[in-house]
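Undergrad: Spelled out, the chains give:
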Amino acid sequence: MSPTEWAAVGLTLRLALVSTVILMLLGTPLAWWLSRRRGLHIAFIEALVALPLVLPPTVLGFYLLIALAPDALPGQVWQQLTGDQLAFSFSALVIGSVIYSLPFVVQPLQQAFRAVPASSLAAAATLGATPADQFRSVVLPLCRRSLLVAAALGFAHTVGEFGVVLMIGGNIPGETQVLSIALYDHVEAMDYGSAHRLALGLVLFSLTLLVLLYRDRGWRLGR
Amino acid sequence: MAPGSMSELQLSIHHRAGDFTLQAAQTLPLQGVTALFGPSGSGKTTVLDAIAGQRDDLDSVELTVDGQCWQSATHCVPPWRRGIGYVFQDARLFPHLDVAGNLAYAEQRAFGTAPSRSEVSQWLGITELQSRPVQSLSAGQQQRVAIARALLRGPRLLLLDEPLANLDRSAASECLACLQRVARESATPMIYVSHQIEEVCAIADHLVMLDHGRVTACGPLLELASSLDTQLAMEDNAAALLDVEVGEQDAQYGLTELRVAEQSLWVSATSVRQRLRRLRIPARDVSICREPPVSSSILNVLPVTITDIRDLGPAHCLLRLGLQEQFLLARITRRSRDQLALREGDKVYAQIKSTALLGDEGP
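As they're listed, the protein sequences go chains W and S. Be aware that the first sequence starts at 1, since it is given in this note's numbering, and climbs by one per residue. Be aware that the second sequence starts at 1001, since it is given in this note's numbering, and climbs by one per residue.
Each hint should be verified, as a subset may be incorrect.
[Said to hold, decoys possible] Computed footprint of chain S on chain W, listed as stretches where at least three residues anywhere in the stretch have a Cβ under 8 Å from a Cβ of chain S:
(1) 115-122
(2) 187-193
[Stated by the list, open to error] Computed, partial: chain W to chain S, Cβ under 7 Å:
(3) T58
(4) A125
(5) T126
(6) L127
(7) G128
(8) A129
Just so you know, the hints here were simulated from the structure itself, not pulled from any lab data. Beta carbons are placed, not taken as given, at the ideal position from N, Cα and C, and that holds for glycine.
Work out the full structure: start from the sequences and follow the hints.
TA: Okay, here's the thing in structure tokens:
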């Protein structure tokens, strides 16, 4: 593989890792909050979170591109704070990935959290556990498999992302050129040999990850 | 709180749900076991949940424990800071922890000083189960672990919501024997919700009777059990309770002597362990003679004084019989009463056909 391709591999993994960490930190409390409430405003927030599932990535990418531009408010605030331009940067890729992969993290967690019986939490409360303690000592251990699934799906989905990245990151080798875009470049250049190598690599990676995830599916809540 | 001083819980609760109204203002002693007794739907569990802080939908709750306000219109101590232990109908053990892990969960969050884990495990017969996953336990074992867990929190008050309701007969009687041991050995006051009078008689010191959301009677259990004024006396299975002292054993005939009011009763039991026991004598198993019977197969005859007579419908009447400080109940026909010309204040002989020690674990 060429140095540019290796750079694309490194960048893709770094992007997926950083995005997954942020996704878990944001998605876990969001999913918990959504799982314990009902109502129209909750449905609206759930729909917002699910939007990337149904929208073409280019739509999301287009709006993000506008929002992150130096003359838009978010882009300006970022530039004031960090001194760097946001559009076409690694940070922009992270922001795009987090929004794009959010439903893959929030939905499995929300389902798992809903399955935690309120009676277990009531029992924990009578044993002296504060709500934060109940979450840490009862909810998280009961949902540890779903947490793993959510993180793995978020990671895998970020690795496989294309449209959003193309719109907001451009195609700067070593800076914003991720694997899927490098693959696109090879196809554009009619370099099918290199395209095969990357495509097959991505297929094998995703397949391995999913097999590992589904391997011990027999593990269920409370078993 | 100084040791030995009487502490109490004051509860005033009002709640309407549909055509059910719960209205109770009650002071409960925080000592020994207080039973909340009544039929299903009488509001017992709601009262218990209000004490535990598990219900935030009740119209009004005012709760003071040991002079400390737990709940009022403007103030509410959250459940995790109330220092209670709660034993639910379903054990609610944490499935991701084994038995020892469940017990440790309570120890790590202990409210007061709890007895040691080995001691509590011994009371509840769960010493051998420590490393077992909770899914492998029987319902009875799970409930005993749940009781141990609640005790290891070192609660100032232990609440039990029909803890035997989901158990089969033998598991329930085993669990009840464990609870009697806990009541005897630990200083933790308990509030025990049940609709089974036998259970209540076996364990409670104090009784609060609820019906349709109202308190119908309250007082020491032994007094209420032999009172003719409560609904209990009108029931078919009305029975008096006697606190007795265990005396000699008659190994040849498999009998044990129980002393009450300087008299002896013999029950078929051997190797009775504790010195003080409680005896439940059903009113329908007690008959009355004017003279001490001679050559009768009935073993237990006690001289008593009739203190009260109450009609129970057209055929029967209920007698309350004084035996020094304690009382027996006898259900006889009105015809017998008139033939023997029984009147309040008469000294007669009570023949007791059958008796049972409460909460026996068997051989």
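Undergrad: Indicate, hint by hint, whether the structure satisfies it.
TA: So, going through the hints one by one against the coordinates:
Residues of the segment 115-122 of chain W with a Cβ under 8 Å from some Cβ of chain S number 3, which satisfies the need for three, so the listed coverage holds. Check result for the segment 187-193 of chain W against chain S: violated, 0 residues qualifying (beta carbon to beta carbon below 8 Å, three or more required). Given the 7 Å rule on beta carbons, the hint for T58 (chain W) is violated: about 43 Å separates it from the nearest Cβ of chain S. Evaluation of the A125 (chain W) hint against chain S yields a held restraint, the C-beta minimum of about 4 Å falling below 7 Å.
Given the 7 Å rule on beta carbons, the hint for T126 (chain W) holds: about 4 Å separates it from the nearest Cβ of chain S. Because the beta carbon of L127 (chain W) sits about 5 Å from the nearest beta carbon in chain S, less than 7 Å, this interface hint is met. Taking 7 Å as the C-beta contact cut-off toward chain S, the hint placing G128 (chain W) at the interface holds, the least distance being around 4 Å. Because the beta carbon of A129 (chain W) sits about 6 Å from the nearest beta carbon in chain S, less than 7 Å, this interface hint is met.
This entry does not satisfy hints 2, 3, going by the numbered hints stated previously.
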